[in-house]
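> Sequence:
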Amino acid sequence: MDADKLPLGELREYLSSVSDRELLEIILSTWKCRAPEATAENLMNSHTTFADALTAETTDEKTATALRLIPALSSAFIQSGGSNCLNSTGSAMEHFRQQLSAFPTEHFSAAAVNVRFRGVITMHPSSGTFSAVPVSCREIVSFALSSGHDIMFISHNHPEGSVTPSENDISATKIISSALSPLGIVLADHIIVGRNSAVSMRELCGDGPFGCDVPRGYKLDPNRL
Numbered sequence: 000m001d002a003d004k005l006p007l008g009e010l011r012e013y014l015s016s017v018s019d020r021e022l023l024e025i026i027l028s029t030w031k032c033r034a035p036e037a038t039a040e041n042l043m044n045s046h047t048t049f050a051d052a053l054t055a056e057t058t059d060e061k062t063a064t065a066l067r068l069i070p071a072l073s074s075a076f077i078q079s080g081g082s083n084c085l086n087s088t089g090s091a092m093e094h095f096r097q098q099l100s101a102f103p104t105e106h107f108s109a110a111a112v113n114v115r116f117r118g119v120i121t122m123h124p125s126s127g128t129f130s131a132v133p134v135s136c137r138e139i140v141s142f143a144l145s146s147g148h149d150i151m152f153i154s155h156n157h158p159e160g161s162v163t164p165s166e167n168d169i170s171a172t173k174i175i176s177s178a179l180s181p182l183g184i185v186l187a188d189h190i191i192v193g194r195n196s197a198v199s200m201r202e203l204c205g206d207g208p209f210g211c212d213v214p215r216g217y218k219l220d221p222n223r224l
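Under numbering that gives the first Met the number 0, the first residue of the sequence shown is numbered 0, with each subsequent residue one higher.
Calculated directly from the structure, the hints in this document are not laboratory data.
Since the structure is predicted, the reported quantities are computational estimates derived from the model, not experimental observations.
Among these hints, one or two may not hold up.
[As the list claims (entries may be wrong)] Computed spacing ranges between beta-carbons, pair by pair:
(1) Phe102 - Gly210: 21 to 31 Å
(2) Leu182 - Lys218: 21 to 31 Å
(3) Asp220 - Arg137: 24 to 34 Å
(4) Leu68 - Ala34: 13 to 23 Å
(5) Cys136 - Ala34: 32 to 42 Å
(6) Gly207 - Thr58: 46 to 56 Å
(7) Val17 - Pro133: 18 to 28 Å
[To be verified] Each computed EDC-like pair below joins lysine to aspartate or glutamate, with the alpha-carbon atoms no more than 20 Å apart:
(8) Lys173 - Glu138
(9) Lys31 - Asp59
(10) Lys61 - Glu21
(11) Lys173 - Asp206
(12) Lys173 - Asp149
Glycine residues also receive a C-beta, built at the ideal position from the N, C-alpha and C atoms.
Please model the complete structure; the sequences and the hints are all you need to start from.
This is the structure:
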């Protein structure tokens, strides 16, 4: 499908469903880079994540420019306030509920925000089984660093419906928070999404699993407890 021939509304829908390789190919093709399909394929085969691929060294000047422009444009868009805000447990729960509640198996996702809790960058959900989802600390750290933001959220769904945090959920939160902290990145919350509801582990468990106080500007709702 030629993305540049789609109406704007259809283009947005199309881009939300394409893979990282296809998205990279579209960008390289639009920038009229050399062999965009093969280049995108090679980049994604040799790098773990989309963010890693953007840091690849290449001898083709157009490709190098296109790769460097992606995070630069994203950062400019974020700084101008061109996205929503996750400054409360309610807004964070709604963000991840919309993203994860429909999945029939467990999925994990993350989001990064700036110090004003704006400029939301969301990580593509990773999938697991009905009762578990593998979480790569390395991938989360890579995503956090590539976002350029200092505040992180993580989330996963419980497709069976219960939103009670398990011991594994609490343990994973501690591990991820400990990995982000030395980098100056704060884990604001871990949202658990059920079929029809969501909960904030900050509200349920306090600061313990996070190893730090509630980030300034992030509003908890004690009435929900």
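> Mind listing which of the numbered hints don't hold for this structure, in increasing order?
none
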